[in-house]
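Chains as they are written, first to last, in my numbering: chain A, 1 to 137; chain B, 1 to 185.
Treat the hints as calculated values from the structure; they're not laboratory data.
A hint or two may mislead.
[What the hints assert, rightly or not] Distance windows between CB atoms, simulated: (1) B:D143 with A:A45: 22 to 32 Å; (2) B:I148 with A:L117: 34 to 44 Å; (3) A:R35 with B:R182: 49 to 59 Å; (4) A:T122 with B:E144: 38 to 48 Å; (5) A:T50 with B:N92: 26 to 36 Å; (6) B:R155 with A:H58: 21 to 31 Å; (7) A:R35 with B:D143: 17 to 27 Å; (8) A:D37 with B:G149: 15 to 25 Å; (9) B:K154 with A:D24: 21 to 31 Å; (10) B:D93 with A:I87: 16 to 26 Å; (11) A:A45 with B:H145: 26 to 36 Å; (12) A:D61 with B:E156: 32 to 42 Å.
[As the list claims (entries may be wrong)] For the chain A half of the interface with chain B, some residues (derived, Cβ under 7 Å), not all of them: (13) K85; (14) K88; (15) T110.
C-beta: ideal position from N, C-alpha, C; glycine also.
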Amino acid sequence: MKHIIAMGLSLLPLASPAAEPQPDLLARYAQQAVREDPSFNGFSAERGRTLFTTGHPHGEDPAMACTSCHTADPRGAGEHRRTGKRIKPLAPSANPERLSNAYKVEKWFTRNCQDVLQRQCTALEKGDVMTWLLSIK
Amino acid sequence: MRKKMLIGSLIMGAGLGLGWLVTGVGELRAEEDEERGQSYEREHGGEDESWRAPEAGPGGDLYTSECGGCHVPYPPSLLGAKQWAVIMTRLNDHYGESATMTPETARILAAYLQANAGREDGSGAGATYGELPRITTSAWFRDEHEEIGTEVWKRESIGSAANCGACHRGAEQGIYDEDGVRIPR
């Protein structure tokens, strides 16, 4: 029994900030997306763009959207809406470091989906947004 | 009252500074302080550790990467140990935003902040976010920024008192001395 728990723990994804870069993150989101919805039929850059640029109003901020900090152009720099801190471009074509580290990608989805949508994103939503960002030239 | 405190801290600072020199550590410290700018040292006797960047190494690097994404990685010595502990228990509502991280990361960071925390009474009587302390409303912060008018903080180029780097151009590197201050229009 203990053995099984230990095995399970070792399989926990993204458990450590020292995790190696994992370029197969998109494939992993696809596997999760199938589990979440067996009719999953691939990611869509267009759906990703829509999710990213659509407002998700809630109590404190009626204009809340991903673009509140990142702007509508992921090739350009953004700015944190509260602290004013500069945010580097999200599109890997403009900032090659982006999406290269699975731990960081998952960390930011975890934080920012909560802030923007007031819930966690589904694997489909994360994969869609990633696919869109990767498609931007 | 303020003057008295200032004189007191100058005397204390001078005394402590002398202590460092006697032990020989002062030479090292003086060099570091020189790099970080001299005006703050002149004012405070060179005996304030509030202006150090997060140290290199596992804790400091993690602090910079986990916390420095949304704001300048504020020097840990700007809040007390108790205050950091409170902040670390509320990462899901971090001044209105999610700053969640893995439990292991949070554990390392909490230990790092405890080891590098500053004076315990840093919060002063200023406003807080819920139970969370704010550096920018602490008594010493308001003293240091006394001459900055409210309209300056509101400038688009600054946006927020939390945006240290707007005026303290070396903030990312932990340099906050007055020589490095350029207040944008």
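Against the structure, the hints come out as follows:
1. B:D143 with A:A45: 22 to 32 Å: Given about 52 Å between the Cβ atoms, the range is violated.
2. B:I148 with A:L117: 34 to 44 Å: Once the Cβ atoms are compared, 37 Å apart, the range 34 to 44 Å for L117 (chain A) and I148 (chain B) holds.
3. A:R35 with B:R182: 49 to 59 Å: holds (53 Å)
4. A:T122 with B:E144: 38 to 48 Å: holds (46 Å)
5. A:T50 with B:N92: 26 to 36 Å: holds (27 Å)
6. B:R155 with A:H58: 21 to 31 Å: Hint holds: Cβ distance 28 Å, inside 21 to 31 Å.
7. A:R35 with B:D143: 17 to 27 Å: violated (56 Å)
8. A:D37 with B:G149: 15 to 25 Å: violated (55 Å)
9. B:K154 with A:D24: 21 to 31 Å: About 46 Å separates the Cβ atoms of K154 (chain B) and D24 (chain A), which means 21 to 31 Å is violated.
10. B:D93 with A:I87: 16 to 26 Å: holds (21 Å)
11. A:A45 with B:H145: 26 to 36 Å: At roughly 46 Å between Cβ atoms, H145 (chain B) and A45 (chain A) fall outside 26 to 36 Å, so the hint is violated.
12. A:D61 with B:E156: 32 to 42 Å: At 18 Å between Cβs, range violated.
13. K85: Interface hint status for K85 (chain A): holds (6 Å vs cutoff 7 Å).
14. K88: violated (10 Å)
15. T110: holds (6 Å)
Hints 1, 7, 8, 9, 11, 12 and 14, counting from the list given before, are not met by this structure.
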